[in-house]
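Engineer: Per the numbering used here, the sequence shown runs over residues 1 to 278.
Note that these hints are calculated values from the structure, not bench results.
The C-beta atom is built at its ideal place from N, Cα and C for all residues, glycine as well.
One or more hints might be untrue.
What the hints assert, rightly or not - In silico DSBU-like pairs for lysine-lysine, Cα to Cα no more than 30 Å straight-line:
no.	residue 1	residue 2
1	Lys249	Lys179
2	Lys91	Lys150
3	Lys136	Lys150
4	Lys91	Lys53
5	Lys141	Lys175
6	Lys53	Lys150
7	Lys136	Lys179
8	Lys141	Lys249
9	Lys172	Lys141
10	Lys91	Lys136
11	Lys175	Lys53
12	Lys150	Lys172
13	Lys136	Lys175
14	Lys179	Lys150
15	Lys179	Lys141
16	Lys175	Lys150
As the list claims (entries may be wrong) - Here are the computed distance ranges between Cβ atoms for each label pair:
no.	residue 1	residue 2	range
17	Val215	Gly65	39 to 47 Å
18	Leu251	Ala93	55 to 63 Å
19	Glu83	Asp103	55 to 63 Å
20	Glu171	Gln207	40 to 48 Å
21	Asp36	Ala123	26 to 34 Å
22	Glu164	Pro250	36 to 44 Å
23	Val79	Arg191	42 to 50 Å
24	Val154	Ala239	20 to 28 Å
25	Pro163	Glu83	30 to 38 Å
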Amino acid sequence: GVCSFCRTVRRVYMPTITAVDFERWRTQGCVLDPPDESFVRGVMVILHGLVSKPELNGRHGLVLGPLASGRAPVAIAPVQDTEHLIQISVKPANCALPPEPPDRLATAWNNLALAYKRAGASAYDQAAAAYETALKLQPGKPNFMANYIKLCLVMAGERRGDPEVAQALQEKAGKYLSKLFRPVTTLPENRGLDCNLGIDFVPGYSQRMLTAGVVNSVDAQPARTTYARQWVYDPQREALQEINPGDGKPLTMSAEAREAISRGHGTHVQRNERGETV
């Protein structure tokens, strides 16, 4: 049957989708009592008909894995990134499969990862897996990468008793730091310069920030690294911001730099003799 939860025409994200199913869902909306093979990690469902937990009826859930003993492991999709973690096992008969676009699914998985992290160190692995799912759905999303970097560094600190695991986590954080700051580290004027990436206290900010800095060339190594240019990742704006390395005040970037960052890695701004972008 077709439920009335969703009549909006949206593409469903599901690895096992068939052309016939897609056309049916595209034109008719959600599917009640979806088949067992629909329950794969990453899929979103709408809960209904729950008797033991009626307060969850109408909530969206994220499928954590395949059916086990006729039930699907589901985490309630947080609407806000401050909600607490709720996990239940549900029957397919209590699920409706709505068409959901990848960006909405990805945001739900990011919020779920934050809920896992708030649940404590015992849930850090689940948080990491949730970030991996979010980034699979929406690769390169800056806020997801920033959140995952912070989690990896926290986990590395928690697991410093196992050097191999801690090193792997630090390397993963480094990989995503490189991706996050690639728009500035690949600017033509920064090529060949020593650039530090990491998380640190920055003047003008009350908490540690993800930052990239072009190191000053000095004859003697100072007690603390100083930068000729520095950027931070601003999670509120979901953007890279160049700052004054001395006081942390935002700097206005040139039009060429803003355009290069908006174009992304591998596409540099070039102008002809008339000053036109080519």
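Engineer: None of the hints should be skipped; say for each whether it holds.
Structural biologist: Hint by hint, here is what the structure shows:
no.	hint	in the structure
1	Lys249 with Lys179	holds (24 Å)
2	Lys91 with Lys150	violated (35 Å)
3	Lys136 with Lys150	holds (18 Å)
4	Lys91 with Lys53	holds (13 Å)
5	Lys141 with Lys175	holds (14 Å)
6	Lys53 with Lys150	violated (34 Å)
7	Lys136 with Lys179	holds (15 Å)
8	Lys141 with Lys249	holds (25 Å)
9	Lys172 with Lys141	holds (16 Å)
10	Lys91 with Lys136	holds (26 Å)
11	Lys175 with Lys53	violated (42 Å)
12	Lys150 with Lys172	holds (11 Å)
13	Lys136 with Lys175	holds (15 Å)
14	Lys179 with Lys150	holds (14 Å)
15	Lys179 with Lys141	holds (10 Å)
16	Lys175 with Lys150	holds (12 Å)
17	Val215 with Gly65: 39 to 47 Å	holds (45 Å)
18	Leu251 with Ala93: 55 to 63 Å	holds (58 Å)
19	Glu83 with Asp103: 55 to 63 Å	violated (19 Å)
20	Glu171 with Gln207: 40 to 48 Å	violated (24 Å)
21	Asp36 with Ala123: 26 to 34 Å	holds (27 Å)
22	Glu164 with Pro250: 36 to 44 Å	holds (40 Å)
23	Val79 with Arg191: 42 to 50 Å	holds (44 Å)
24	Val154 with Ala239: 20 to 28 Å	holds (24 Å)
25	Pro163 with Glu83: 30 to 38 Å	holds (35 Å)
Hint compliance for this structure: hints 2, 6, 11, 19, 20 are broken, all remaining hints hold.
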